[in-house]
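Protein chains: 4
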Amino acid sequence: MTALTEAIDTLVTGNRILARENVVDAFGHISMRHPDDPSRYFLACSRSPELVEADDILEFALDSKCIDDRGKTLYIERPIHGSLYQARPEIMSVIHNHSTAVIPFGVSKTPLRPIVHVAARIGHEVPVWDIYDNFGDTDILVSTNDQGQDLARAMGNGPVILMRGHGATVAGLSVQDAVMTAVYLQVNAQLQMDALRLGEVTYLHPGEVDIRLARSQKFVGNDRAWEYMSRRAGR
Amino acid sequence: MTALTEAIDTLVTGNRILARENVVDAFGHISMRHPDDPSRYFLACSRSPELVEADDILEFALDSKCIDDRGKTLYIERPIHGSLYQARPEIMSVIHNHSTAVIPFGVSKTPLRPIVHVAARIGHEVPVWDIYDNFGDTDILVSTNDQGQDLARAMGNGPVILMRGHGATVAGLSVQDAVMTAVYLQVNAQLQMDALRLGEVTYLHPGEVDIRLARSQKFVGNDRAWEYMSRRAGR
Amino acid sequence: MTALTEAIDTLVTGNRILARENVVDAFGHISMRHPDDPSRYFLACSRSPELVEADDILEFALDSKCIDDRGKTLYIERPIHGSLYQARPEIMSVIHNHSTAVIPFGVSKTPLRPIVHVAARIGHEVPVWDIYDNFGDTDILVSTNDQGQDLARAMGNGPVILMRGHGATVAGLSVQDAVMTAVYLQVNAQLQMDALRLGEVTYLHPGEVDIRLARSQKFVGNDRAWEYMSRRAGR
Amino acid sequence: MTALTEAIDTLVTGNRILARENVVDAFGHISMRHPDDPSRYFLACSRSPELVEADDILEFALDSKCIDDRGKTLYIERPIHGSLYQARPEIMSVIHNHSTAVIPFGVSKTPLRPIVHVAARIGHEVPVWDIYDNFGDTDILVSTNDQGQDLARAMGNGPVILMRGHGATVAGLSVQDAVMTAVYLQVNAQLQMDALRLGEVTYLHPGEVDIRLARSQKFVGNDRAWEYMSRRAGR
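Protein chains in written order, with this note's numbering: chain A, 1 to 235; chain B, 1001 to 1235; chain C, 2001 to 2235; chain D, 3001 to 3235.
For the record, the hints were derived by calculation from the structure and aren't laboratory data.
All of these numbers come straight from a predicted model, not from anything done at the bench.
Any given hint might turn out to be false.
Okay, the calculated beta carbon distance ranges per label pair [as the list claims (entries may be wrong)]:
| id | chain 1 | residue 1 | chain 2 | residue 2 | range |
| --- | --- | --- | --- | --- | --- |
| 1 | A | Thr2 | B | Arg1231 | 45 to 51 Å |
| 2 | D | Asn3157 | A | Glu6 | 49 to 55 Å |
| 3 | D | Gln3217 | A | Glu53 | 50 to 56 Å |
| 4 | D | Asn3157 | C | Lys2218 | 56 to 62 Å |
Note that CB positions come from ideal geometry on N, CA and C, so glycine has one too.
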């Protein structure tokens, strides 16, 4: 395999892991910045991640126009991906999903915060973006670059943002990094919901989150989890 | 395949998807209006949807009498289907189920309302029908045309109605439309239960629901979800 | 197959269905009164229901002594079965389980009551038996005929009893009847827990429960559910 | 098979059961004291338990230094294992996990206590250890022998300890004993969360817990559960 073929293979594995771990269902998508050209990114055509094959992967410019769509239908919400790659040069992979554990935190006043060490990678507190604030009544989809840029601004430098009545977007330094953050975002949301039922909760201390964030940026431990999740996903 | 064989094949796929997504279990059923004769509809004989084959599909008049039962046992609750096709010419598919996420909303005072964009297709607020109101103590089953017509009246022009202590009924413009509504009704019910645990909830804005309803009536996006769910259901 | 071989085959299927539907796990068991001799019953040796084969089925007297144990280890809690067959001639099958949805109702003050039509077969309200009341500190297991008879008395004429800190016991007019009651007991417990989160709940009306109980005693509808659950259980 | 090969095979089965029962995911590990040399223990290299093979098992001294790592990466949290074997000669197996049902009890004020007979083996009340108390801001991992010994001290003579924002550690008299305790710890946590929703809860009486603890130390009943769980785990 060439380096590019291998990178695209990793992107396909990312699709399958997200499906296997129930982070995405019929909807949701994961992209990867072109490893050799920062002004381009790769994303599947409009298929459910569980079914995505290497042949479904297309190339896009940062304005989310497709270089060559080969007659395939495209995801409507490409601007989520393009806008984040444009706003943040360090980001190499973006995931958008409707993970059911996460959605309740986007429609309530309870902030989603890391409660377990493996989820410190979601950051100190996850912000919520509401498309209604700047765009009024819509179909809720992020279908224009204006909307994508508004989302990117609200996300700041963080790895995750919730979208009211919709889902979440995750940004990572690699496909593996983004996938792990999306998986543990979901784990944390479920744990936090359960813990809040038991009364007052101790979240991770800010210093602990900082130490863990520095650690996860070095990808320590990812090899084991990536091997495990790939195998579960049949890759 | 002829057009009719293909339509019946789609109805079988609908049965299997509903089973795979846990919208139905041993009980529950899905019907389709005859594509060429609006005074007839198709529905399986009395088998669990997971096991339904093309050969199990029978033809019914709108009073829910079977044209030729070939010696097979029939579902008791056929009047749900016939009454809806009679009352609403635009409806092409009907689903009745006992989806466990939905039942709690039928026995409590909390209205089921769309909380996430993909579930806007359930309408602004889901009404609840109680068979006890007009029929007193029964076995709860909708076993007469009188009961079916009462249910259809309570449903109005909406896509969904809950049935107290029983389940839900969904009406769609196609098999695909009805299946998607039944699946996302269940998703929304689960999400709403989880979100309500976290405190005050922001539901979709009325304008957002209207825009999404208009969108789902054009079936945009259904191809992706239908392909995904068919594959998961082994079709 | 002879009638007896067939009956034992049904008992094996009952074991497998209970395992598949998560009503039993490593523990729990189902027995059947001998179809030709009311003073005997059949029950597996000490194996988990998912693994039980026809060859594991042994014959017992109503004092729960084994007729011929063929060197196999026996379940300790046989007195649950023998005591119920002794106390109630109409009972043809008994299930004991630790179904996780049911246990919370045995340790709290909230009565388990039917909330959905398919669960009316559990009766108007499920009683709770506490082994501590008459036997003080024990290992909680029903290991003597005295304990079994105390449990049978507390159960009265009903189909179900909860056991504090332990599980539930179900009695049926046939293997199929007992299995369906055990499955829908679990479904109802889960639904009731979810519904109570939403506030005040409307349970089935007493008249509805009576009508449904009379109906389920005629086994109407069981063929469809039994076929479905057998297939899911690989039988 | 020699006795040692067989023991290692049991340790591999323990890994697989913990994975199958969702007690561990990508992370978590189980070790076994060397049956012939109490100053050594066996533990896999850094792989997810679902994937562990006999060839992945390595030998460690009680200071958690590896005797011969054969070039493999090691789990960081080995000191959990070594420190417990050092502190408690009776312990023959140790499990560390991030079981999602258990974590909420480590971050709230609600004590985890046995609510069902099969979970009495977790002891009267499960203590919580917070790494922050003696070590301040860390990455939360138990990566030094000092931290491991602090954890062992907090655990006392009990079979289980929760770790705030992290998971749990379980100690057993055999691999089978530790696995059963870890599985039923998780079952109890889920049941207790559900029961607390229903209001005031009756936990097992102290005398009942004592009787059950004495019973589980004789491994009564374990053969049935071990056979069942091994089969579910594909062993």
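Practice prompt. List in ascending order the numbers of the hints, as given earlier, that are violated by the structure.
Written response: Result: hint 1 breaks, nothing else.
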